[in-house]
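> Here is what each chain is made of, one letter per residue.
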Amino acid sequence: MVFIFGINFNEASLVKRSLESFYGIGPKVSQRIMARFHIHPWAKVGTLKNTTVMDLTAELSNMKIENDLRREVQDNIRRLRDMGSYRGRRHAMGLPVRGQRTRTQITTARRLNKIERGGTGRIQM
Amino acid sequence: MPSPICLRSLSQLSLDRAANVSITSRTLLAPQTACFSTSAARYAAPPSKRKGMVAPPKRGERTLNVKKGRKAPSADTGKRPAPGDRKAMRKRIVLTNDNALEVSSLKDLDKATALSEKNEGQVRGLPEQVVDALRAVEAFKTTQGWSLFRRPATLMRKETIQLAKLLKEVEDPVDGQQKKTLRRVLSGDRMSGKSTLLLQGLAMAFLRDWVVINLPEAQDITNAHTDYAPLPSSQTQQYTQDTYTATLLSQILKANLKFLEATPVTTNPPLPLPLPAKPTLKHLAELGIANPEASWPVFVALWQELTQPGHPPIMLAIDGLSHIMRNSEYLSADVKPIHAHDLTLIRHFVDHLSGAKPLPNGGIVLAATSQSNAPTSPALDYCVQVAEAMQSHPDNIPHWNPYKNVDQRAMDVLKDLLVPGSGGAKGLDVIRVGGLSKQEARSIMEYYAESGMLRAKVDDGFVSEKWSLAGMGNIGELERVSVRLRI
Numbered sequence: 001m002v003f004i005f006g007i008n009f010n011e012a013s014l015v016k017r018s019l020e021s022f023y024g025i026g027p028k029v030s031q032r033i034m035a036r037f038h039i040h041p042w043a044k045v046g047t048l049k050n051t052t053v054m055d056l057t058a059e060l061s062n063m064k065i066e067n068d069l070r071r072e073v074q075d076n077i078r079r080l081r082d083m084g085s086y087r088g089r090r091h092a093m094g095l096p097v098r099g100q101r102t103r104t105q106i107t108t109a110r111r112l113n114k115i116e117r118g119g120t121g122r123i124q125m
Numbered sequence: 001m002p003s004p005i006c007l008r009s010l011s012q013l014s015l016d017r018a019a020n021v022s023i024t025s026r027t028l029l030a031p032q033t034a035c036f037s038t039s040a041a042r043y044a045a046p047p048s049k050r051k052g053m054v055a056p057p058k059r060g061e062r063t064l065n066v067k068k069g070r071k072a073p074s075a076d077t078g079k080r081p082a083p084g085d086r087k088a089m090r091k092r093i094v095l096t097n098d099n100a101l102e103v104s105s106l107k108d109l110d111k112a113t114a115l116s117e118k119n120e121g122q123v124r125g126l127p128e129q130v131v132d133a134l135r136a137v138e139a140f141k142t143t144q145g146w147s148l149f150r151r152p153a154t155l156m157r158k159e160t161i162q163l164a165k166l167l168k169e170v171e172d173p174v175d176g177q178q179k180k181t182l183r184r185v186l187s188g189d190r191m192s193g194k195s196t197l198l199l200q201g202l203a204m205a206f207l208r209d210w211v212v213i214n215l216p217e218a219q220d221i222t223n224a225h226t227d228y229a230p231l232p233s234s235q236t237q238q239y240t241q242d243t244y245t246a247t248l249l250s251q252i253l254k255a256n257l258k259f260l261e262a263t264p265v266t267t268n269p270p271l272p273l274p275l276p277a278k279p280t281l282k283h284l285a286e287l288g289i290a291n292p293e294a295s296w297p298v299f300v301a302l303w304q305e306l307t308q309p310g311h312p313p314i315m316l317a318i319d320g321l322s323h324i325m326r327n328s329e330y331l332s333a334d335v336k337p338i339h340a341h342d343l344t345l346i347r348h349f350v351d352h353l354s355g356a357k358p359l360p361n362g363g364i365v366l367a368a369t370s371q372s373n374a375p376t377s378p379a380l381d382y383c384v385q386v387a388e389a390m391q392s393h394p395d396n397i398p399h400w401n402p403y404k405n406v407d408q409r410a411m412d413v414l415k416d417l418l419v420p421g422s423g424g425a426k427g428l429d430v431i432r433v434g435g436l437s438k439q440e441a442r443s444i445m446e447y448y449a450e451s452g453m454l455r456a457k458v459d460d461g462f463v464s465e466k467w468s469l470a471g472m473g474n475i476g477e478l479e480r481v482s483v484r485l486r487i
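Sequences listed follow chains Y and W, in order. Just so you know, the first sequence maps onto residues 1 to 125 in full-length UniProt numbering. Just so you know, the second sequence maps onto residues 1 to 487 in full-length UniProt numbering.
The set of hints was computed from the structure by calculation and includes no laboratory data. Even for Gly, the Cβ is constructed at its ideal location relative to N, Cα and C. Watch out, some of these pointers could steer you wrong.
Covered stretches of chain W, going by a simulated chain Y footprint (3 or more residues, C-beta under 8 Å) [what the hints assert, rightly or not]: (1) 214 to 227; (2) 330 to 338.
Straight line, CA to CA, 30 Å or less: simulated DSBU-like cross-link-like pairs of lysine-lysine [as the list claims (entries may be wrong)]: (3) W/Lys180 / W/Lys336; (4) Y/Lys16 / W/Lys336; (5) W/Lys336 / Y/Lys44.
Take these sequences, add in the hints, and give me the full structure.
Below, the structure is given as structure tokens:
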């Protein structure tokens with residue numbers, strides 16, 4: 001078990017996958033982080049040296065990820081709603097925001113377009 | 001207010017059920033309760049549903065499900081293989097077949113006759129210690145047909161003899177000058193036996209007590225499946241691969257154990273870790289194997305030892321050349337692809353292939369191309385085409401296609417291939433692995449027949465038929481049509 005950024009990861013899991021489990025880190029960002037510390041794409045968490053794990057944690061703590069990022073996104077949406085803008089209202093109603101049609105196929109919008117976007121995270125906000 | 005008669009009849013209903021059969025049959029299904037009390041029924045466990053009874057689907061719900069992936073969890077109770085088992089199975093090398101017959105006429109190669117030209121067109125067995133060494137350097141491939149025969153044996157074809165001549169040339173230079181470094185690229189069609197020719201070269205080198213260093217698969221070095229780290233104090237940034245280098249050291253040690261055990265360390269290499277007292281090269285290699293983070297300095301030190309005067313010639317080989325003539329899958333710190341030539345091991349090989357560094361004790365640098373697992377490398381393809389053309393029809397040399405991207409570093413390494421002249425003069429040349437001649441085909445088919453794997457009378461007509469079927473004697477196809485394919 002290895003702690004990266006306060007989260008416990010199984011030693012057999014891929015570093016890439018572990019990084020991408022954080023909210024705000026996708027394929028590109030994880031690739032950039034791993035290249036920066038010379039971790040090959042197929043590295044397992046268990047093979048990382050202690051210093052590398054510390055570096056990773058330090059790097060992650062400098063980035064806006066997880067709850068900070070969630071809060072920012074939610075604040076942006078909340079601002080729209082509080083202004084009473086169209087986009088804010090659409091968010092509040094859970095409907096498409098950018099002028100898509102609503103006759104059919106708005107499941108994605110229903111899932112995503114809400115004030116509390118991004119959920120509450122592994123560590124409660 | 002209800003009449004008292006009515007109340008009494010209701011109470012009697014439940015009390016003497018037996019008296020009234022028609023009502024009883026209906027009420028028996030319901031839980032037995034006292035009259036006007038619902039508590040027992042409320043606290044009772046809910047009645048179990050009958051199995052197989054599913055509520056009818058709601059309106060508008062889709063009931064026909066024909067998609068493949070959406071099935072209910074099937075009863076897949078099969079045991080999964082342990083981690084690593086599948087890979088071990090995939091990479092397993094089988095070199096014997098107990099069902100094949102022992103070929104009585106099969107002679108082994110030995111040290112004295114390994115390079116003899118009399119072997120041409122004959123099938124020769126590989127002695128046991130050579131097989132072990134070849135196995136150690138991973139020269140056998142899973143795609144080759146070793147598992148069909150009683151023990152490993154190879155056909156000494158025309159190209160093999162050509163290679164044997166090169167070995168002889170290195171061992172005793174004709175004009176008594178300094179030792180030669182010969183560099184060859186093996187090219188040819190798919191399944192024409194390039195990897196096998198490489199294996200034969202390694203086998204002959206083992207027999208002649210050379211030091212053999214083989215990079216079994218170039219793809220494994222460049223496809224970013226092993227760890228890497230920047231090499232400190234390198235002008236253009238280079239990268240070491242510690243785990244891979246440690247594995248390579250262990251292969252070198254296993255394959256050349258006799259020589260490494262007997263040779264003491266003479267130089268005083270700068271190593272991050274101390275060597276034991278009176279060290280031999282074996283101790284040096286073991287140091288790198290035990291400490292992968294020191295494996296690259298150890299490899300450099302070992303190479304320096306091997307190139308001390310008086311040591312045997314070196315055979316340096318790689319399979320899958322086009323993988324190292326392009327960017328590797330690794331990324332640098334600023335997320336740019338790392339060129340394969342910036343990996344230290346590849347750089348080491350490429351320096352010797354290009355002739356930038358000679359082998360002081362002589363030796364051969366062999367690089368086999370591949371046709372089935374080859375990423376595009378226009379520079380390599382062009383250089384090989386030109387070199388082949390200069391051998392066969394020097395008046396018609398192909399031109400570079402200006403619409404293709406040139407990898408200048410790859411081109412610089414292979415530029416000796418573009419120099420007109422004989423292979424011996426410039427050092428780097430192509431060995432074109434073509435089809436077998438009919439005599440060679442006959443000889444190998446007789447070996448198939450004697451092994452019991454080919455049940456037919458091997459005569460001229462049969463040989464010609466199979467030779468043609470195999471695309472003018474492509475040996476892989478020949479094996480396929482005569483041994484593997486049974487109609």
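> Does each hint fit the structure? Answer for all of them.
Hint check results:
Requiring three or more residues with a Cβ within less than 8 Å of a Cβ of chain Y, the coverage given for the segment 214 to 227 of chain W holds, as 4 such residues are present. Residues of the segment 330 to 338 of chain W with a Cβ under 8 Å from some Cβ of chain Y number 6, which satisfies the need for three, so the listed coverage holds. As the CA atoms of W/Lys180 and W/Lys336 are separated by approximately 39 Å, the hinted pair breaks the 30 Å bound. With a CA separation close to 18 Å, the supplied pair Y/Lys16 and W/Lys336 stays within the 30 Å bound.
Taking the CA atoms of W/Lys336 and Y/Lys44, the gap is about 22 Å. The hint holds against a cut of 30 Å.
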